[in-house]
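**Student:** Chains as they are written, first to last, in the working numbering: chain F, 2 to 721; chain B, 2 to 140; chain G, 49 to 166.
Calculated directly from the structure, the hints in this document are not laboratory data.
Careful: at least some of the hints might be erroneous.
Here are the simulated lysine-lysine pairs, BS3-like style, with alpha carbons at most 30 Å apart [stated by the list, open to error]:
#1 K267/F - K7/B
#2 K447/F - K573/F
#3 K124/B - K109/B
#4 K662/F - K573/F
#5 K447/F - K576/F
#6 K148/F - K124/B
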Amino acid sequence: MAGLGYACLLLAFAVCGYGICASIYGVRSGRVEFSDSGRRAVYALACILTVAFLVLEVAFLRNDFSFNTVADTSSRTTPTFYRAAAVWSSQEGSLLLWAWLLSLWASLALFLTRRRMRDIAAYATAILLGFAGFFVSLMIFYANPFKTTSPAPAEGVGLDPLLRFPTMMIHPPMLYSGYTLCTIPLAFGMGALLARRVDADWIRSIRRFAFAAWFFLGIGILLGARWSYSELGWGGYWGWDAVENASLMPWLTGTAFLHSLMIQEKRGMLKVWNVSLVLATGTLAIMGTFLVRSGVLNSIHAFGGATLGVPFVVLIGVLISGSIYLVVSRRDMLRSEHRLDSLISRESIFIANNIVLVGLCFVIFWGTYFPLISEALTGQEASVGPPWFDRYTVPLALILVLLSGIGPVIAWRRATLANARRNFMVPIGAALLTLLVMVATGVSHKPLATAMFCCAAFVFGSVGQEFYRGTRARRAMAGEPAPRALLALVRRNRRRYGGYIVHLGIAVLFVGVAASSSFQHASELGLSPGQSTRVGAYTIRYVRPTATITPRYDAAHTGSTLSLGAIIAVSKGGKPVATLAPSEGYYNSQDPSQGTVGSLIGGQPVSHIANNSSFTRDVWTAIAPDIEAPSLQRIVKVGNATLGSEDAIVAIGYLARAYLKDPPPAQFHFIVSPMVMWIWTGGMIVFFGGLIAIWPAPSAVRRGITVRARARQARGMARV
Amino acid sequence: MNPARKRTVRLVVALTAAVVLAGALVYTSFSAASPALTPTELVRKAEPGQSYILTGTVAPSSVHREGAVLNFSVEDRAGGGMAIPISYTGTVPDPFREGREVVVTVEKQGGRYVGERNSLITKCPSKYTTAPAGQTKTG
Amino acid sequence: MSPPVVLLTVALIAFVVLIVGAPLMPARGPHGERGGELDTPPDPQLEVAREDVEAEREAKYREIRDTELDYRTGKLSEEDYAAVDGTLRAQALEILDRLDALEGSDLTRERESTDPGD
Chain F
2 MAGLGYACLL
12 LAFAVCGYGI
22 CASIYGVRSG
32 RVEFSDSGRR
42 AVYALACILT
52 VAFLVLEVAF
62 LRNDFSFNTV
72 ADTSSRTTPT
82 FYRAAAVWSS
92 QEGSLLLWAW
102 LLSLWASLAL
112 FLTRRRMRDI
122 AAYATAILLG
132 FAGFFVSLMI
142 FYANPFKTTS
152 PAPAEGVGLD
162 PLLRFPTMMI
172 HPPMLYSGYT
182 LCTIPLAFGM
192 GALLARRVDA
202 DWIRSIRRFA
212 FAAWFFLGIG
222 ILLGARWSYS
232 ELGWGGYWGW
242 DAVENASLMP
252 WLTGTAFLHS
262 LMIQEKRGML
272 KVWNVSLVLA
282 TGTLAIMGTF
292 LVRSGVLNSI
302 HAFGGATLGV
312 PFVVLIGVLI
322 SGSIYLVVSR
332 RDMLRSEHRL
342 DSLISRESIF
352 IANNIVLVGL
362 CFVIFWGTYF
372 PLISEALTGQ
382 EASVGPPWFD
392 RYTVPLALIL
402 VLLSGIGPVI
412 AWRRATLANA
422 RRNFMVPIGA
432 ALLTLLVMVA
442 TGVSHKPLAT
452 AMFCCAAFVF
462 GSVGQEFYRG
472 TRARRAMAGE
482 PAPRALLALV
492 RRNRRRYGGY
502 IVHLGIAVLF
512 VGVAASSSFQ
522 HASELGLSPG
532 QSTRVGAYTI
542 RYVRPTATIT
552 PRYDAAHTGS
562 TLSLGAIIAV
572 SKGGKPVATL
582 APSEGYYNSQ
592 DPSQGTVGSL
602 IGGQPVSHIA
612 NNSSFTRDVW
622 TAIAPDIEAP
632 SLQRIVKVGN
642 ATLGSEDAIV
652 AIGYLARAYL
662 KDPPPAQFHF
672 IVSPMVMWIW
682 TGGMIVFFGG
692 LIAIWPAPSA
702 VRRGITVRAR
712 ARQARGMARV
Chain B
2 MNPARKRTVR
12 LVVALTAAVV
22 LAGALVYTSF
32 SAASPALTPT
42 ELVRKAEPGQ
52 SYILTGTVAP
62 SSVHREGAVL
72 NFSVEDRAGG
82 GMAIPISYTG
92 TVPDPFREGR
102 EVVVTVEKQG
112 GRYVGERNSL
122 ITKCPSKYTT
132 APAGQTKTG
Chain G
49 MSPPVVLLTV
59 ALIAFVVLIV
69 GAPLMPARGP
79 HGERGGELDT
89 PPDPQLEVAR
99 EDVEAEREAK
109 YREIRDTELD
119 YRTGKLSEED
129 YAAVDGTLRA
139 QALEILDRLD
149 ALEGSDLTRE
159 RESTDPGD
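Using the sequences and the accompanying hints, generate a full structural model.
**Tutor:** Right, here's the structure in full:
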């Protein structure tokens with residue numbers, strides 16, 4: 002079966018080559034059948050890579066250890082769900098996932114544009130097939146997922162226990178979908194420049210692709226943050242790690258693009274800016290993919306050796322130089338048709354928003370690549386830490402939130418100054434009220450958090466006012482009851498009100514970020530059973546120890562041999578707040594040098610944190626039991642000496658019993674963070690609003706006809 | 002001032018502001034950055050009061066915990082050279098153990114090296130190095 | 049590679065060639081001799097221009113609606129609204145004129161192509 006997989010890769014490479022040639026020949030000679038054939042090459046590629054992916058997936062599910070990737074990342078004791086997801090935990094498998102997702106999304110995009118934009122689509126086909134061919138050739142020459150060993154080993158190494166979390170398994174497909182979707186606007190952007198056609202039709206299509214990229218990439222980023230917080234043992238959701246930053250940068254430029262595209266649509270301005278943004282987003286996405294795999298920067302995600310570095314650098318070099326060349330050589334057709342009518346207009350707020358977003362992207366870019374930059378400039382590699390990032394991103398984020406509250410209140414083109422002043426009263430009032438509350442409750446000793454709360458209140462006020470006024474206007478026009486009017490208002494103005502909901506979600510998210518970072522209480526404590534201690538306003542008591550042993554599957558279904566933990570009772574002011582049950586899982590190591598008993602628990606230990614979430618605060622704790630304690634190690638040593646591998650599990654039973662009877666003191670990491678749930682809730686509001694904004698309106702045609710009839714009438718009247 | 006002139010002025014002001022801010026950013030990044038050093042380099046170059054980012058592997062048999070403080074030694078990834086003892090408080094990542102690659106921010110205090118709180122990063126063990134068939138990869 | 053795998057590979061290759069080669073098959077006549085969907089319009093340039101103007105029209109209608117909503121939610125005064133609305137509607141009329149011209153030329157061409165004198 003591995004032969005079929007490898008044959009698929011070779012076939013895929015050939016199809017990419019053919020498709021590129023056919024598309025380019027078709028568009029340059031005007032022979033449409035060749036462009037069509039090139040487009041169908043993408044569909045064929047999707048079929049081929051689906052087969053290849055299925056071959057690999059089935060190999061994992063069937064525990065076919067003749068496949069090297071399967072033997073390296075899966076095992077018989079890995080639960081089925083994680084076995085299925087282990088496909089993309091390796092370099093080779095993840096490359097296949099990337100190429101497969103690219104072929105699927107590209108097929109969809111080209112199918113949707115099959116009757117329109119033929120010239121642009123043909124160029125885009127060639128570019129997308131170029132990307133796919135690049136990744137396929139990486140697999141053929143550097144990292145083959147279908148390499149086999151004969152004879153096949155009897156058991157695999159198993160999926161790294163650190164990855165055995167549900168969120169971690171959804172995060173890569175979402176993130177890769179986001180990354181691959183970023184290449185589609187890039188391809189259509191380059192295609193438009195090559196075809197010398199950047200116009201209204203292109204805008205309409207590329208908005209959908211850019212939105213899809215923004216949507217999936219954003220979900221991928223949020224899932225990563227949630228995984229980091231709720232399943233890893235450090236209790237944070239964002240560390241300004243190189244890989245986190247790499248995914249955020251294209252999302253920021255994508256957000257900027259979605260806004261400035263509206264200006265190009267209305268006023269024919271910012272064409273060079275928009276095209277540059279679209280090309281930058283795609284390039285940043287490829288750079289993000291490269292960063293994870295090259296080990297070029299120190300990061301928690303060390304994903305593979307440096308062998309992939311050179312091809313990626315070449316690709317990125319080609320992308321950057323190609324983009325610059327295209328924009329410069331086509332600058333004549335990218336001239337602006339109009340200028341800004343007035344500084345007090347929604348257009349200028351959008352431009353300001355773009356500047357802030359790109360500024361944020363630049364700061365993050367600089368900080369992320371600083372080790373390389375400093376090494377190149379000074380010869381000494383140095384890196385900047387989270388405090389540096391925070392210093393620059395926090396003020397920019399404040400401005401961003403503020404702008405998102407100003408925008409809704411200002412009209413397009415040219416706002417009436419007197420009206421604008423009046424319209425700001427409610428939002429400013431909301432902000433001032435919040436400030437008073439903050440000062441009164443003493444929150445204001447954290448000025449940045451207070452500033453963010455006030456900006457968020459400003460946004461709530463401005464968006465709330467918009468919904469209220471819109472509903473009122475609709476009721477005046479159509480006489481509907483308020484709830485119906487509100488629904489109709491949103492349905493008929495999806496882009497506007499969906500956008501308002503997105504801004505609302507962002508404000509909620511930043512409130513959560515500000516509260517949970519500025520007002521967090523964290524501490525490390527050592528506790529013995531029955532002991533309690535105070536952390537801030539909370540009292541923590543170690544109630545009793547817990548131990549679980551399963552030969553194959555544990556309660557969390559992650560396959561750990563032994564799981565040691567504790568029950569913790571948290572109370573505040575005498576009233577119980579939460580009961581938490583953190584634990585640490587010990588996994589099979591397959592290392593005979595640790596002994597028959599030792600190897601059963603000698604693998605990578607993984608912390609299973611316990612978190613009690615509510616809307617106002619999260620109570621979070623992780624435990625590090627003292628497995629090195631002499632009382633427990635004695636059992637391991639005796640077991641190693643006297644038991645064979647068949648009976649070794651008995652010693653684990655004794656270990657668990659000993660732990661329950663007389664547990665050694667354990668270390669606890671205890672964090673209380675306010676309003677963390679606002680972050681996830683805000684994220685969901687953002688994506689909900691985004692869906693509303695992009696949802697096609699069915700009644701658009703009808704409305705169009707009404708306006709057209711009136712326009713015709715106006716013209717008719719003018720003639721008479 | 003005619004509109005075209007106004008636009009040029011606005012553009013110049015905006016660009017100047019951008020350049021100044023970018024310059025401030027770039028300048029502060031160099032002074033705020035911590036150099037990344039290996040243990041051998043750290044011993045030679047470390048000055049008290051300056052924080053450094055130490056990269057290396059955890060030396061065998063060097064891990065001891067005293068209450069909230071974790072003591073361990075870091076040696077060069079390439080092996081050989083000195084092993085530097087570090088006193089560290091804060092979160093210890095799950096993959097941490099002897100032989101693993103770590104990155105920790107340290108500061109020289111007196112004769113000792115103190116790890117900055119919560120700055121310890123342990124790299125995920127490399128699963129992608131090809132090993133001869135039958136050999137297991139742990140630690 | 050075992051026989052079933054070889055067979056599967058060959059089948060896959062054949063499938064791919066079929067999909068990719070279909071548009072190139074000589075069975076399709078060069079001009080308008082195909083039934084069902086019209087894959088190639090008579091004049092690609094015209095088609096492109098038409099799609100473009102239609103998209104412009106959609107965008108202009110949306111602008112008109114947005115401006116009205118801006119006025120009704122109190123962001124524009126009556127005079128400002130009248131001014132902007134007038135400008136937008138004039139631009140919309142201009143777009144409709146251009147669209148008519150394109151459709152007109154299209155109709156003329158169709159009439160000419162069915163003319164027996166051709």
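**Student:** Which earlier hints turn out false for this structure, listed by number in ascending order?
**Tutor:** Going through the list in order, the structure violates no hint and respects every one.
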